[in-house]
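Taking the hints into account, I'd like the entire structure generated from these sequences.
Residue-level listing of the chains:
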Amino acid sequence: MSLQDLIVLTPILNLGIFCLVTMLAIAFRRNHARIAAFAFVACLLTLATLPWVASATPRAVTALLIVDRYALLYMGIVLCTTMMVIGLSYHYLHIQFRERDGIEEYYLLLLLATFGGLVLTVSVHFVSFFLGLELLGLSLCSLIGYVRTRRHPMEAAVKYLLLSISASAILLFGMALLYFESGSMTFRGVGMVVKQVQAVPGLWLGGVVLVFIGIALKLGLAPFHMWIPDVYQGAPAPITAYIATVSKGALVALLLRFVTDIGALELPSLVHLFSLLAVVSMVVGNVLALFQQNVKRLLAYSSIAHLGYLLVALLAGGPTAAEAVTFYVIVYCAMTLGSFGVVTAYSREAGDAEQFEDYRGLFWTRPWLAAMLALSLLSLAGIPVTAGFIGKFYAIAAGVDAGLWWLVLALIGNSVVSLYYYLRLVVTLFGDKPASATTPQGLAIESPQTSGWMAICSLGLVASIILIIGIYPEPLMELIRTSVSNLLMVAQQKP
Amino acid sequence: MLSTPALLLATMLFGLGLIGLLSRRNILYMLLSLEIMLNAAALAFIAGGARWGQVDGEIMFLFILTLAAAEVSVALGIVLQLSYRFRTLDADAFSEMRG
Amino acid sequence: METLFYIAAAVTLLATLRVITHVHAVHALLYLVVALIALSLIFYLLGAEFAAALEIIIYGGAIMVLFIFVVMLLGPLAVEQERTWLTPGAWVGPSILALVLLGEVGYLIVAGDLPAISIQEPRQKAVSIALFGPYIIGVELASMLLLPGLIGAYHLGRRLSSEAR
Amino acid sequence: MMNLLWLIPILPLAGFLILALHGEHLSRRLVAWVGCGSVGMSACITALVGVEFFHGLPDRASYQQTMWNWIDTSEMTVGLSWHLDALSFLMVAVITGIGFLIHLYSTEYLSDDDGYARFFAYMNLFVSAMLTLVLADNLLLLYLGWEGVGLCSYLLIGFWYHKPEYGTAAQKAFIVTRIGDTAFAVGLFIIFTQLKTLSIQQVQTLAVEAWPVGSNIAMIVAVLLLIGAVGKSAQLPLQVWLPDAMAGPTPVSALIHAATMVTAGVYLIARMHDLFALAPLVQGIVAVVGLLTLLLAASSALVQHDIKRVLAYSTMSQIGYMFLALGVGAWSAALFHFLTHSCFKALLFLAAGSVIHSLHHEQDIFRMGGLRRQLPWTFWTFLIGAAAMSGVPLITAGFYSKDWILWSVWSSPLSQQWMWVGALLGAFLTGLYSFRLIFRVFFGEVRTAAHGEPGLAMRVPLVVLAGLSLSVGFLEIPHTLGGLSLFGPYLSQVLPTMEVRPGMDDSSEAFEQIAVTCSALLGIGLAAFFFLPRVSVVDRLVGTAVGRFFVPFWQGGWGFDRLYERAFIQPWFALTRDAGEFLDRGYGVLVTGAEFCHVRLSRTQTGHIRWYAATIAVGTLMLLGLFAL
Amino acid sequence: MPMTLWLLILIPMLAAPLSWMGQQWSRHAARWIALGALSLDFLLALVLWSQGPPGSASGHGSWLVESQTSWIPRWGISLHLGLDGLSLVLILLTAFLGIIAIIASWTDIQNRVGFFHCNVLLALGGVIGVFLAIDLILFFFFWEFMLVPIYLLIAVWGHANRRYASFKFFLFTQAGSLLLLVAMITMAFLHQQATGRPSFDYADLMGLTLTREMAWWLALAFFIAFVVKLPAPPFHTWLPDTYTEAPTGVSIILAGLLAKTGAYGLLRYTVPMFPEIMSEFAPFAMGLGAAGILYGAVLACSQTDLKRLIAYSSLSHMGFILLGAFAMTELALQGVVMQLVAHGLSTGGLFLLAGALYERFQTRDMRQMGGLWKVIPRVASMALFFACASLGLPGLANFIGEFLVLFGSYSVQPIITILASIGMVMAAIYSLGMMQRTFFGQLRETRSIPDLSNVAFGTLLLMAVLQVWLGLYPRPVLATTKPVVDALIQSASLPAQASHSVPVMPSTLFTSQANTP
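Chains as they are written, first to last, in my numbering: chain W, 1 to 495; chain S, 1 to 99; chain C, 1 to 165; chain E, 1 to 629; chain R, 1 to 517.
Derived from the structure by calculation, the hints contain no laboratory data.
Source: prediction; values computed, not measured.
FRET-style restraints, in silico, Cβ to Cβ:
| id | chain 1 | residue 1 | chain 2 | residue 2 | range |
| --- | --- | --- | --- | --- | --- |
| 1 | E | Val-599 | R | Ser-26 | 49 to 57 Å |
| 2 | S | Glu-96 | E | Val-599 | 13 to 21 Å |
| 3 | R | Ser-39 | E | Val-208 | 53 to 61 Å |
All C-beta atoms, glycine included, are put in the ideal place defined by N, C-alpha and C.
Here it is as structure tokens:
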């Protein structure tokens with residue numbers, strides 16, 4: 001561990017130290033606002049180190065990590081998203097925890113999860129991969145069940161816990177098989193085996209498939225998507241946003257690196273596996289979302305489909321694919337944050353606003369909130385002027401570039417189908433307010449008239465990001481292009 | 001070399017764990033089954049280490065152990081909370097969210 | 001050597017089978033402990049004696065105890081089963097399996113021809129060097145991993161302060 | 001003076017615009033002034049133009065005037081241009097002259113109608129469109145007028161819109177003629193594609209150069225134009241609309257469905273005579289169509305109850321004569337008959353209108369009778385009209401025109417003997433049904449009391465038209481009777497004169513004329529025999545088995561309406577009964593399918609952790625099996 | 001000068017939020033703002049029209065006015081606008097019909113007025129953008145952009161079945177346009193393969209040399225995308241529902257303008273980009289056009305819902321556009337342009353009247369009407385006029401459009417043209433049937449009903465005057481678009497020679513790089 005190593009690890013170290021400090025701060029004195037601000041600043045400072053670190057990259061730190069621009073970019077995504085989630089969470093928690101009983105650990109767990117996410121982005125080794133993933137997963141598990149007084153979060157926590165550990169077990173077993181076959185736990189080392197022999201060893205292939213299944217489970221790709229809607233629905237809204245964005249974004253970063261390093265796309269059977277996962281995810285996600293009446297579940301299903309789109313881009317391989325995937329991740333994070341952010345901002349003490357009925361006529365009572373949700377949904381649907389369009393453009397472009405015609409057709413077909421349910425929600429926003437304002441459970445709706453300035457600021461920021469990317473994506477494209485070329489360059493340089 | 005039979009054993013243990021996970025309704029048992037699966041993975045790593053004469057497998061085992069410890073503590077926390085609130089550990093009872 | 005391995009494997013499998021089929025939590029746990037011990041024997045046979053030791057200490061010791069602790073805490077869910085815990089028949093299975101293992105270990109000690117000993121330097125040293133050399137980051141991460149475990153368990157397992165009153 | 005030509009169609013159009021946009025706010029008197037005045041001024045200008053046309057132009061060839069280029073592309077240049085020659089001048093004169101008289105008549109006839117302004121607006125528009133039709137220099141502009149008169153016909157038939165059956169009749173008229181128009185349009189497409197021009201003059205010259213006689217293309221074009229003409233002129237097989245068109249006010253029937261519009265087909269064929277000459281077979285078809293129509297219509301006219309329907313069928317029949325003449329190459333004869341027919345048929349309709357007017361809109365001739373004394377003006381004018389139509393020799397115009405046609409049929413190299421026989425039968429029938437009408441309406445006992453003679457505005461047109469019906473025939477007197485020939489030479493500038501078959505001399509002409517005269521007089525006599533006696537001979541005749549078959553058959557216009565109802569209208573309604581569409585249902589299946597899939601897939605989301613774990617296990621095993629083994 | 005193009009787009013777009021806010025100032029502020037913005041646009045377009053001598057502009061490649069700014073160089077996408085005769089005519093139509101639509105909504109829309117006009121302006125801005133963009137992605141941008149406001153307009157202010165209709169509209173269009181997007185991207189990549197840099201520029205892609213198979217698929221995608229919007233069977237089933245359920249003003253925009261964007265796409269992209277394929281494809285496309293004419297007409301005859309009838313008649317009219325666009329003769333193309341304008345005016349008028357009727361009787365069912373001429377003669381007479389226009393009465397603009405198309409198509413596909421002509425008879429049946437059932441016959445209403453207001457009547461009269469003007473003197477439109485039409489025909493005949501010669505590098509064929517800033 002040289003000084004240089006420490007420098008490139010600054011972001012991770014910084015956040016790790018902040019985790020510890022936050023814990024101490026909580027132990028010292030509980031104060032919701034202060035801790036929230038503290039966590040926010042932690043992310044902000046970490047974010048600030050990224051450009052500084054960039055000059056020293058790329059650099060491998062031990063066999064476990066590699067810090068390159070690609071990783072830094074994803075770190076940036078993860079950190080920005082976390083900051084937004086913190087912004088959204090404050091008011092939400094304020095309402096949920098009237099008793100002020102143990103709110104503060106929430107931020108600590110959030111920071112820890114983010115820490116795990118950062119580790120994932122730089123991992124090139126099974127150990128760091130696995131540990132990062134578990135850091136993220138365990139923190140999330142606690143966060144999902146954080147509002148432990150309500151039934152749904154607990155139910156979601158149990159489901160997430162059990163299924164996520166199953167996923168870890170499968171992943172670990174796959175890794176073990178790969179290790180058994182190749183004698184190496186670095187991604188590239190694992191990939192070397194295949195490059196040296198003519199026929200791909202079955203055990204190796206099995207290991208890779210298991211690892212992919214583990215990742216697919218965490219990402220919620222069909223047919224391993226079952227837990228997604230339940231967890232999304234049960235988790236507190238800001239955490240749902242977090243699961244949908246940070247955990248997936250970081251994992252995609254890792255997946256892209258893994259796929260690139262082991263050269264998975266050179267093996268037809270793995271390409272077929274990915275194609276299958278992509279198509280099934282798109283179809284299943286969209287079909288399940290079609291007539292869904294619960295907004296959070298609907299968004300969950302849509303996220304399954306979006307991961308499918310993303311896989312199409314990933315499958316294309318090559319520089320365009322990496323670019324497309326990264327772009328898509330950014331766009332996807334922004335619009336998911338936007339949609340779940342509105343759910344968060346519109347939630348109340350009795351529970352999250354998740355029924356369609358809650359949103360009927362929202363545009364006429366709270367136009368900005370509704371506009372934000374509409375914008376996010378249209379972005380998810382891929383309508384121009386929103387970032388979603390450019391994202392979809394990129395995905396299609398990658399697919400076309402690689403000549404994946406059937407996948408591209410599946411993608412656009414599914415986009416059309418998905419439009420239906422997004423529009424269903426949008427049209428609800430513009431509907432007429434129902435006469436009797438009760439939820440199906442018979443609870444009177446006291447629709448909140450305020451959402452806290454932090455949430456509003458975050459949403460505004462997200463909206464402007466969606467619009468800016470949608471209208472002038474060039475700077476972001478350039479950034480991604482340089483970063484991604486780094487990933488590929490490293491991949492080619494050091495075999 | 002015992003590494004290949006060990007891998008076989010690991011696979012069988014993994015399978016047994018999986019069966020346990022699928023067949024038990026009590027969350028506690030499901031957790032136990034998961035522990036078995038993790039253990040199986042750990043065994044597979046050890047077998048890999050033995051095959052290549054490396055210590056990496058063992059090190060991975062250590063980390064899996066750490067995970068198991070951390071995970072069990074969270075899991076048991078949840079189990080306790082569930083039993084406080086809902087007076088049941090039947091996994092099928094927690095299916096209010098669906099569709 | 002190989003026979004030992006296969007016997008231990010058989011014990012592991014049998015014990016594990018009982019874990020997943022047994023209806024009583026404590027019994028199942030007992031079987032699991034047996035399985036873990038058998039597994040640690042296998043680790044040992046594979047040359048990973050450090051892992052074997054940790055398996056028993058941490059897994060068989062710490063984690064399983066945690067489980068048992070929770071089972072005890074579960075109160076109503078455990079109370080009804082308390083009577084059945086005391087039946088002596090429940091101890092038979094684990095005891096037999098444990099005895100088999102004991103025999104194996106005894107044989108190993110008596111036979112003395114250990115595969116691990118054939119490695120020149122002590123295994124733990126290599127593990128330690130690797131652990132604090134190339135895997136230092138892993139160790140740090142693992143230590144961080146315990147933090148969410150700690151906090152999660154603390155937050156989730158705790159009752160509300162108002163409820164406690 | 002000639003450069004005022006453009007005003008002729010434009011003035012009525014201006015009248016239309018004034019009345020349409022502002023008519024409701026004008027007094028009736030003013031409306032009448034505008035309505036009649038515009039047509040009257042048109043007539044005056046026609047007269048002025050006529051003076052110069054007859055004196056100023058060398059050889060009275062033709063005069064052209066372009067207002068502006070209507071369609072102006074590099075491939076097609078079509079001007080809004082007028083073309084005046086002998087043929088169009090004849091038409092213009094008839095349209096403006098008779099049109100003015102009928103307008104004048106209408107001022108009184110419709111004096112207590114709500115839609116006074118609307119009526120005159122439509123009438124003015126009609127005159128304008130009709131003038132456009134006949135003055136058009138090119139086929140596209142002709143088509144504009146062609147469709148325009150169709151529209152006005154539609155509007156005027158459905159003038160009393162509150163009666164649904166009138167509306168239906170109007171629709172029927174428009175749609176049936178539109179079928180013809182469409183064929184006409186296709187003809188235009190072919191002409192343009194082949195000859196790259198639509199100018200009538202150029203089309204004729206180019207066609208003669210480009211297409212050999214009897215060539216397929218000439219035949220096809222001629223047939224298509226013929227279908228157009230047949231539709232407009234209510235000839236077989238598109239004749240079904242005309243009897244129903246009598247739903248419109250009587251002046252409308254007089255102007256549109258007797259004097260002008262229905263003869264547009266005749267005009268078209270005459271206009272394009274060179275083209276038809278290229279297709280002898282089609283010309284033969286024209287003759288046959290004319291002959292068949294004239295017999296069909298004449299027989300149907302015999303048994304109608306409605307006075308206007310009788311006249312409608314008689315119109316079809318007389319136009320049949322014109323077609324027959326055109327078919328045998330007697331272009332001038334056809335147009336001469338057009339001229340006389342316009343006068344006497346307008347007269348008959350107006351007189352019938354006078355009857356109807358004074359009987360409070362009673363149209364059934366079986367409820368009329370003995371009106372001779374109550375309505376002497378009407379009676380005498382009607383009598384003159386009927387006589388002209390039947391071709392009472394020497395004194396009526398109808399005699400001279402019909403005689404010319406029959407003589408042409410007799411002597412033309414293009415005709416057959418049986419055609420002449422058929423035409424002769426037609427002449428007989430004409431006398432019969434014309435005087436049936438006279439005897440039914442004006443003789444016998446009084447069945448419905450009339451409330452007095454019409455006023456001056458209605459009487460003047462009647463008298464003028466009666467005078468014309470008697471006099472215009474003298475423009476062309478066969479040389480067996482003195483041989484004054486003004487009309488034929490006048491048109492010879494535009495239309496070729498018919499060559500007579502060899503071996504036809506004065507004696508055969510005299511014989512032929514005697515036959516015609518006899519048949520007409522026989523018809524009148526038979527009518528007197530049948531219908532004059534109090535106990536009608538006819539009733540007994542109708543009672544016989546033959547009568548029981550033929551009377552309903554003829555009344556229904558030979559069953560064409562029923563045939564079309566079965567063959568076209570009912571299938572059409574069957575086709576359009578369902579407002580949905582099958583393609584939409586196809587997409588509906590997709591939606592249902594998606595819904596089905598959604599419901600099925602939703603059931604997999606049970607919420608049970610163990611089920612989820614099971615899917616994971618199964619999924620893992622399957623993927624491992626698929627891709628790793 | 002180039003900025004004027006952006007002004008054309010930006011005026012309505014910037015006025016949109018203003019009119020939304022205007023709601024708070026006074027009841028009619030939103031309407032006046034919208035009206036003002038569109039009038040300004042209209043005037044601007046008129047100025048452009050008067051300035052550019054129509055004869056000098058020669059269609060593709062060289063534009064009357066052009067504006068190019070870099071946007072996304074990574075993909076070779078630029079903000080490239082270009083105006084030629086075709087776009088000019090359509091922009092004039094857009095602004096005009098926009099004004100009409102706002103007048104039509106004056107009494108129709110009473111709630112959420114500001115937001116309504118905001119959406120109208122956004123949609124119109126998008127439409128104008130579509131007509132101006134000559135970068136494919138920019139085109140697509142506007143193409144999609146206009147959907148959302150239109151969707152909202154239908155979904156919020158529509159009639160009873162509005163949700164269904166709005167979904168159908170959006171889904172169909174989106175399906176088509178995503179195909180289009182894929183095709184566009186493919187072309188950009190092909191350009192990259194050929195020259196080393198991707199480009200979405202119209203001129204660049206026009207010159208692309210394609211393999212036959214690839215060209216076939218691309219052409220198909222370009223065809224379907226635009227035909228869905230046009231629409232023609234079997235992609236039309238969104239049309240009747242959408243046109244029917246939309247509020248009056250939006251129906252006018254939908255039928256008058258959105259359908260035109262499809263036609264515009266066919267003329268601007270599909271036909272000139274793949275001339276060879278299109279010439280092979282023409283019989284099929286023309287057959288589809290004829291099928292649309294007949295199918296639409298038959299269904300129009302079956303309807304009892306007034307707006308549905310108009311909708312199907314609109315489908316029928318659009319068939320002529322398809323027919324003409326693929327005939328690729330000067331006459332047919334001129335006819336297509338004419339039909340675009342004429343159909344906008346005639347259908348706009350009819351929808352306006354249907355809206356007026358709905359406002360008065362709260363029904364669109366013709367079975368519940370009848371004899372209305374007596375009560376509301378102004379509505380009736382205007383309906384008569386527009387029915388005549390719709391059935392293609394000579395002297396009105398529709399006639400010019402339809403006949404030029406038919407004249408132009410006959411030389412190419414006689415049989416199909418004859419079949420299409422049968423549509424003229426059917427047009428008479430449904431148009432007159434509509435008049436008969438609505439205005440003629442026995443009167444059922446006994447209460448007194450106000451006739452058209454002077455403003456509405458004046459508006460309709462204006463449209464009628466335009467119909468007559470263009471029907472008798474179509475030269476302004478024909479002359480303005482002549483260069484475009486000539487260029488189109490040239491591009492269609494070009495490959496016949498080019499296919500035998502050596503493939504030319506795209507960049508040498510068209511010199512669009514010259515005007516890159």
